[in-house]
Structure formats: C-alpha cells, structure tokens
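The listed protein sequences derive, respectively, from chains A and B. Residues 1 to 164 in my numbering are what the first sequence spells out, letter by letter. Residues 1001 to 1410 in my numbering are what the second sequence spells out, letter by letter.
Since the hints were derived computationally from the structure, they do not count as laboratory data. Check before you lean on any hint, since a few could be wrong.
Distance ranges between label pairs, derived from CB positions [unchecked claim]:
no.: 1; chain 1: A; residue 1: R151; chain 2: B; residue 2: I1086; range: 48 to 54 Å
no.: 2; chain 1: B; residue 1: Y1026; chain 2: A; residue 2: A135; range: 35 to 41 Å
no.: 3; chain 1: B; residue 1: R1300; chain 2: A; residue 2: D147; range: 38 to 44 Å
no.: 4; chain 1: B; residue 1: F1029; chain 2: A; residue 2: K141; range: 24 to 30 Å
no.: 5; chain 1: B; residue 1: R1227; chain 2: A; residue 2: K62; range: 40 to 46 Å
no.: 6; chain 1: A; residue 1: G15; chain 2: B; residue 2: P1182; range: 57 to 63 Å
Below 27 Å or equal to it, Euclidean Cα-Cα: the simulated DSSO-like pairs (lysine-lysine) are [as the list claims (entries may be wrong)]:
no.: 7; chain 1: A; residue 1: K25; chain 2: B; residue 2: K1318
no.: 8; chain 1: A; residue 1: K164; chain 2: B; residue 2: K1383
no.: 9; chain 1: B; residue 1: K1383; chain 2: A; residue 2: K45
no.: 10; chain 1: B; residue 1: K1225; chain 2: A; residue 2: K22
no.: 11; chain 1: A; residue 1: K42; chain 2: B; residue 2: K1318
no.: 12; chain 1: B; residue 1: K1337; chain 2: A; residue 2: K22
no.: 13; chain 1: A; residue 1: K164; chain 2: B; residue 2: K1337
no.: 14; chain 1: A; residue 1: K25; chain 2: B; residue 2: K1383
no.: 15; chain 1: B; residue 1: K1067; chain 2: A; residue 2: K142
no.: 16; chain 1: A; residue 1: K25; chain 2: B; residue 2: K1337
no.: 17; chain 1: A; residue 1: K141; chain 2: B; residue 2: K1106
no.: 18; chain 1: A; residue 1: K42; chain 2: B; residue 2: K1307
no.: 19; chain 1: B; residue 1: K1337; chain 2: A; residue 2: K62
no.: 20; chain 1: A; residue 1: K146; chain 2: B; residue 2: K1067
no.: 21; chain 1: A; residue 1: K62; chain 2: B; residue 2: K1067
no.: 22; chain 1: B; residue 1: K1225; chain 2: A; residue 2: K65
no.: 23; chain 1: A; residue 1: K25; chain 2: B; residue 2: K1315
no.: 24; chain 1: A; residue 1: K22; chain 2: B; residue 2: K1076
no.: 25; chain 1: B; residue 1: K1102; chain 2: A; residue 2: K142
no.: 26; chain 1: A; residue 1: K25; chain 2: B; residue 2: K1076
no.: 27; chain 1: A; residue 1: K146; chain 2: B; residue 2: K1283
no.: 28; chain 1: B; residue 1: K1318; chain 2: B; residue 2: K1076
no.: 29; chain 1: B; residue 1: K1102; chain 2: A; residue 2: K164
no.: 30; chain 1: B; residue 1: K1067; chain 2: A; residue 2: K95
no.: 31; chain 1: B; residue 1: K1337; chain 2: A; residue 2: K65
no.: 32; chain 1: A; residue 1: K142; chain 2: B; residue 2: K1225
no.: 33; chain 1: B; residue 1: K1225; chain 2: A; residue 2: K146
Backbone N, C-alpha and C define an ideal beta-carbon position, used for all residues, glycine too.
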Amino acid sequence: MSLPELGEEIRVRLGVLAREVKVAKGFVEVVTGRETLREVAKTLKEMGFDHVKSVTAVDYPKEGKIRVTYHASSFLNEELSRFMVGLSVDLPRDKPVVETLYPIWNSVEFMEREVYEFFGVIFEGHPDLRPLLLAPDLAEKKVMRKDFVVREESIYEGVPHEYK
Amino acid sequence: MSISEGTLGELRSKGVEVRRIDKEYYEIFIGPQHPGSGHMRFRVKLDGDIIVDADPDIGYVHRTMEKLSEGREWLKITPLVERMTIIDACNITLPYINALEKLMDKRPSTRASYLRVLLCEMNRIASHLYGFGIFGVFIGHSTAYMWGFGDREVFVELSEILTGTRLTYTYHIPGGVRRDMPQDFPQMVRRAVRYMRSRMPEYEKIFLNNPVIVTRLKDVGVITKNRAAELGVVGPTLRGSGIRYDVRLAEPYEVYGEIDFEVPVFEDGDALARTWVRVEEIKQSLNIMEQAIDWLERHRDEPVIPKEDYDKLPKLHKEVYEKSGRVKLLPAQISMKVPPGKAVARGEAGRGEIFYYVESDGGTMPYRLRVVTPSARNAIVFKRILPGHRLMDLPTVYGSIDYFAPEADR
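Working from the sequences, and respecting the hints, build out all of it.
See below:
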C-alpha cells in the first residue's frame, strides 16, 4: 500500500464525514468539522490507528482560525505503522472549544494539555485540563499564538529583533 | 479533630489558600532538584509506602523551542533544536532536516546519508550508555555509572573526530552534511566497535545478570502490549513491551532500508526487559556502524553534497571542500526561502521516536514548527504505571524508561 492508496481507502471509509481528504508530504490529511471530529476519530481507530503522535495546533490570525491536527498512526498493525494520518479541525480563534479525543486515544492526554496552555484551546471533557509545561500566569497569555510578540535583544545590530 | 467549614471560610476570606487533603494519604514532593537526571518534579500520594497517585510536574527546563524557531532562519534551527538533547544531537535534528528536504524537494547524496547513519548510530550507543549510567546511579549501582560514562567517551570522541565537536554537531544541512570523514576514520571506527563488543558481556555480567539488580527490576513497572500502544509510548519502552516498532523499520529514512539489522523486542514489559532492549540495541548499532563505514571506505570519491549543489559553489568554496572535506555554507543558504507547504517527518532517536511537523509560508523562517520528543511521549508512563508500586520502585521505573527532562520539556 502507498500513501495515495491509503488516502483513497480513508476517503471511501469516511464518506461524507470528512470535508476534505488529501495527501500531504508524509501524511494523509483529513479535515472535518467540530461536530464530526469524534466520529471520524472513532472510525480511524477502528481502522487500526491506535495512538496519536502529536497534537499540533497552528494559528492563522488572518483567517481567524486555529487548526488543531491529531497525527495518528499505528503500533499494533505493521502495515499501517508505515503511515501517518493527520485529523484536522478548524476552530474559531475567539472561541476555540472542541470535544476532547481522550476517550478514543488515551495518548492525547498530555498533548491536549500542551495545546491548551500554548493556544488556549479548550478540550471539553478532558479529565485533567491544566497547564503542563508553563507556569499558570504565562499560560494565560497563550504564547504560541501569532499575536504574542517575542522581543529579542541583539548584540550585533543594537536594535531588538521582534517576531510573532 | 477536624477544622470546621466556618474556620476554613474565615481563612479564605483573609486570602489564605486552603484545601482539604485526604487524611489517610501522605503526599510527598520529589524534585525538581533531581538526584539523577534533569529537572522535574513528582507529586506522589502514598498509602503507607504504596503509591496511589503520581502526578509528573514537568516543564522546569522548558525553553520555548517551538516559538523560538518561528524567529530563526531555516538553517539556524538545527543548532537550536539539538539543544533539547545534546547527548543525542544527530538523531534529534535529522528528522527536522528530513522534513525540510521534503518541503524543498531535495534528496541527500548517498554518501551524506551513510555519514548521517554512522553518526546517528554512534549517538544511539552514546545515548544508551548515558541512560545506562544514570539508571545505575539511580538504583545505587555506581559501577554501571562509571562504566557507562567511561565507555560513552569512546563514541563522543569518535563524533568529535568526525564532526569537530563533542556533542552539538549541527552536522546536517539540506541535501548533505557539513564535513566528510577524515582519511583514517574507518580504522578508528572499527577499533571502537571491537572494543565495545568486548565490553558487552561485561555489562551483562555486572549489571543485567546480577541477582541484586534482577530482583529490583524484574516485574517492576510492567506495561502490557496493548497498554503500551494505548499510551503511545516509544522507543525501548515500547519494544520492551513486545511491540515491534522502530521508525528505521516502519518508514526507513536515509539508507536504513539498505542496511541489515535487527530490532530487538522483549515481551515482559518490565524494567528489566527495557534495559535488555537497550543492551541489544547497542549490539545492533555496532553492526550498523560497521556496514556504514565499509560502504564509506569503498566510495571515497562520492561527494557529501548533491552534484548540482557542488557545481553552484564558488571557486574558494570548492577549494576548501577539495582540501579539507568541509562544506562551507553560502550566505544565500542562510537566508534561503522554502516553498510553502507542510511536511512531517519522524526518526528513531536513542530514547524513541521523534516527530516534526514543519509548515512554511514561503518565507525565510518557518511559519510553525512542532516537535514531539520521545521523553515527552513517555512522560505519561509515570502517571499511569506508577500507582500500585512501592515508593522504592519509583527510581527503577524512572531510570528504566530513560526519561530525560530537557528533551521532554523542549
């Protein structure tokens, strides 16, 4: 099986549940809505994707959205372990709330906590949603969002270097 | 006698933080000044000396790698991210470069791939020996500590001869590596391999088959096969639980597909099995090193960067490469733009699988870089596996999963 073939299989399996299924560099990306996220995750788990490697959030301030991607793969199924699938959901930036996938994939527990502290995404139903790496006061600033500006002093140019 | 709610309310109104604790449990804090490795804290709830609840409080050495990398040029990210795990720098940075190569649609030259594999395996052995030493000192076996750190020096010095520095190599560049190996390097590698092979039985005698150690490790911190998959643990922790998963096997990167090696798997899932996995992996890494150095010796004339990149170099840069095997970077490479898109890459580091997600908006810096390290994924073991064990088993479980705090905190 190749990555495009897996993409096709997922497309057939998910049907209308997925808004978009496309082959990206190194993984199959599945985009779905907030309401259908759990159902899609359940279907993927039934297919054999038994763990999540990363919960990745990306902030797009211009479009007013935060995209949360669950990169899942398999340990127990050797055929599937060669591939990764990225299950994405777009959340509004001003109210990023989504149901947790903890009941389906236990491995997301700490990673969802990370996305919560860095982006302020709220995972409803998460058993223990609190900051993992940051101190609580810093976590409130949602530091990984693009509107949090980092200011670095530069010894070479004499002017601070700012980036988002 | 218990304090009434009224008294508690009174205290709260004065701004004092008050909470009731379970009376029959004893709560202790371990860390963050850790006697073994790194900085992390446990909040452990005890009933007698049985752990009923363990909460790993990590993040003491969080260095905002992901945010910092959004303000660095593509090539400057390598020296940044390798600081997560300087003892395993080659394995930690390689998937980042792989993801970058995917975005740029570039393939490394074969010689560069073999050099990368060689350095990665040297790193894996050094990392395992480091973990071994820390584990030894955790459970009071100071000989393992001395031996582990002493023998690790062999591979650290080899890396120094190859790359010019002991730990933070910044060896990979898109499409190649920054230095070719010295002329007499093959002999040095073979000598180191011979030495380490002769040492392995000694390690087994003094540590793994030592009845005192076996008693402490056997049936401690057991993770069953399905539980390991459910928790998403990686590396020797996963393979010690009977799951045959290694990124080098599942999705061979570089030239691992052409190299002959085995993936050691142990079924017991306890601390002893995880330690055995590491020892067997060192043996496999020695085999891989030999195969890589054989190939490199036979193909001395091949370039360490792709031909088309070499042709673009100015005269001075070509001279430096011909004379010393060193690839001088061009200023244009530092400020290079990467085509927009997103890519993921994974690799097998010493402690397990490392994952990178890289997104580019076509600029000179990444739009988003996400990294999940093996220790970050193994941290969940503390929370889920420790309850039910005795307090004295905590160092055993900690040491056996080879948890490295700077790596987990990123």
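How the hints compare with the structure:
no.: 1; hint: A:R151 <-> B:I1086: 48 to 54 Å; verdict: 27 Å, violated
no.: 2; hint: B:Y1026 <-> A:A135: 35 to 41 Å; verdict: 26 Å, violated
no.: 3; hint: B:R1300 <-> A:D147: 38 to 44 Å; verdict: 53 Å, violated
no.: 4; hint: B:F1029 <-> A:K141: 24 to 30 Å; verdict: 27 Å, holds
no.: 5; hint: B:R1227 <-> A:K62: 40 to 46 Å; verdict: 43 Å, holds
no.: 6; hint: A:G15 <-> B:P1182: 57 to 63 Å; verdict: 59 Å, holds
no.: 7; hint: A:K25 <-> B:K1318; verdict: 33 Å, violated
no.: 8; hint: A:K164 <-> B:K1383; verdict: 34 Å, violated
no.: 9; hint: B:K1383 <-> A:K45; verdict: 23 Å, holds
no.: 10; hint: B:K1225 <-> A:K22; verdict: 32 Å, violated
no.: 11; hint: A:K42 <-> B:K1318; verdict: 56 Å, violated
no.: 12; hint: B:K1337 <-> A:K22; verdict: 25 Å, holds
no.: 13; hint: A:K164 <-> B:K1337; verdict: 18 Å, holds
no.: 14; hint: A:K25 <-> B:K1383; verdict: 34 Å, violated
no.: 15; hint: B:K1067 <-> A:K142; verdict: 11 Å, holds
no.: 16; hint: A:K25 <-> B:K1337; verdict: 18 Å, holds
no.: 17; hint: A:K141 <-> B:K1106; verdict: 38 Å, violated
no.: 18; hint: A:K42 <-> B:K1307; verdict: 48 Å, violated
no.: 19; hint: B:K1337 <-> A:K62; verdict: 21 Å, holds
no.: 20; hint: A:K146 <-> B:K1067; verdict: 9 Å, holds
no.: 21; hint: A:K62 <-> B:K1067; verdict: 19 Å, holds
no.: 22; hint: B:K1225 <-> A:K65; verdict: 38 Å, violated
no.: 23; hint: A:K25 <-> B:K1315; verdict: 36 Å, violated
no.: 24; hint: A:K22 <-> B:K1076; verdict: 31 Å, violated
no.: 25; hint: B:K1102 <-> A:K142; verdict: 30 Å, violated
no.: 26; hint: A:K25 <-> B:K1076; verdict: 22 Å, holds
no.: 27; hint: A:K146 <-> B:K1283; verdict: 46 Å, violated
no.: 28; hint: B:K1318 <-> B:K1076; verdict: 23 Å, holds
no.: 29; hint: B:K1102 <-> A:K164; verdict: 25 Å, holds
no.: 30; hint: B:K1067 <-> A:K95; verdict: 22 Å, holds
no.: 31; hint: B:K1337 <-> A:K65; verdict: 25 Å, holds
no.: 32; hint: A:K142 <-> B:K1225; verdict: 37 Å, violated
no.: 33; hint: B:K1225 <-> A:K146; verdict: 40 Å, violated
Checked against the numbered hints above, the structure breaks hints 1, 2, 3, 7, 8, 10, 11, 14, 17, 18, 22, 23, 24, 25, 27, 32 and 33 and satisfies the rest.
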